[in-house]
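*Asks:* Listed below are the residues making up each chain.
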Amino acid sequence: DAGVTQSPTHLIKTRGQQVTLRCSPKSGHDTVSWYQQALGQGPQFIFQYYEEEERQRGNFPDRFSGHQFPNYSSELNVNALLLGDSALYLCASSLRVGQGNSPLHFGNGTRLTVT
Amino acid sequence: GENVEQHPSTLSVQEGDSAVIKCTYSDSASNYFPWYKQELGKRPQLIIDIRSNVGEKKDQRIAVTLNKTAKHFSLHITETQPEDSAVYFCAASSSSNNQGGKLIFGQGTELSVKP
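Protein sequences, first through last, are from chains G and X. The first sequence: position 62 = 62 (our numbering), numbered continuously. Just remember that our numbering sits 115 ahead of the position in the second sequence, which is counted from 1.
Be aware that one or more of the hints could be misleading.
What the hints assert, rightly or not - Covered by chain G, per the in silico footprint, the following chain X stretches (three or more residues, Cβ under 8 Å):
| no. | region |
| --- | --- |
| 1 | 159–168 |
| 2 | 220–229 |
Stated by the list, open to error - Facing chain G, a subset of chain X residues (Cβ under 8 Å, in silico):
| no. | residue |
| --- | --- |
| 3 | 149 |
| 4 | 204 |
| 5 | 216 |
| 6 | 217 |
Unchecked claim - Restraint-style ranges between C-beta atoms, simulated for each label pair:
| no. | chain 1 | residue 1 | chain 2 | residue 2 | range |
| --- | --- | --- | --- | --- | --- |
| 7 | G | 5 | X | 170 | 11 to 21 Å |
| 8 | X | 183 | G | 15 | 40 to 50 Å |
| 9 | G | 16 | X | 130 | 45 to 55 Å |
| 10 | G | 14 | X | 170 | 44 to 54 Å |
| 11 | G | 63 | X | 131 | 41 to 51 Å |
| 12 | X | 194 | G | 18 | 43 to 53 Å |
| 13 | X | 143 | G | 16 | 24 to 34 Å |
| 14 | X | 160 | G | 97 | 15 to 25 Å |
| 15 | G | 5 | X | 184 | 38 to 48 Å |
| 16 | G | 38 | X | 161 | 31 to 41 Å |
| 17 | G | 103 | X | 143 | 17 to 27 Å |
| 18 | X | 173 | G | 28 | 26 to 36 Å |
Since the hints were derived computationally from the structure, they do not count as laboratory data. Source: prediction; values computed, not measured. All C-beta atoms, glycine included, are put in the ideal place defined by N, C-alpha and C.
Please build the complete structure, drawing on both the sequences and the hints.
*Replies:* The following block contains the structure:
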């Protein structure tokens, strides 16, 4: 039973560039959430996708955008990278249950370094 | 806005002793409280969770208590072992019946269990 998989594991970009991170949810899950985890901090919610639409969004600028595909996989895009975007980006999946979701399962993350 | 405060930031105990981590939340609508364990370089893993209609939940050496009036919840680990060493995060969600929705995380507690 495959868990949540993310790619790439590490990425180095230059300030001003754009980046795309990818996530495949755990088998059987249909909802994908993205979190940013700065060094020594707790994860911060970016947004959540279900049925290919953004359903909830945290306090992140429009430079952060996403997409969900029919197979439930998801991408996180960040434009005009800033030094402060350097962090571990975590993808988490869950299963929609009624108006709610099952508990989150996290991937190992993508470590983004902006220089 | 929504906020979760977690204390202490670091905790060192002797093997066999108990460890307690405390969190307070600001949003009175919060109704789901998971705890995650994150080992160095690995994904956050759910270890226990509690809903607002329950005051206490136990799973072997781990227990969580919730005081809705005071808006705080705690993680208790008994008979600690070296493999319990990790960073522990508390979180809260105010999405109705939405365990996998937007989670607000605490800042984390680095637990060190000395043999």
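*Asks:* For which of the previously enumerated hints does the structure constitute a violation, in increasing order of number?
*Replies:* 7, 13, 16
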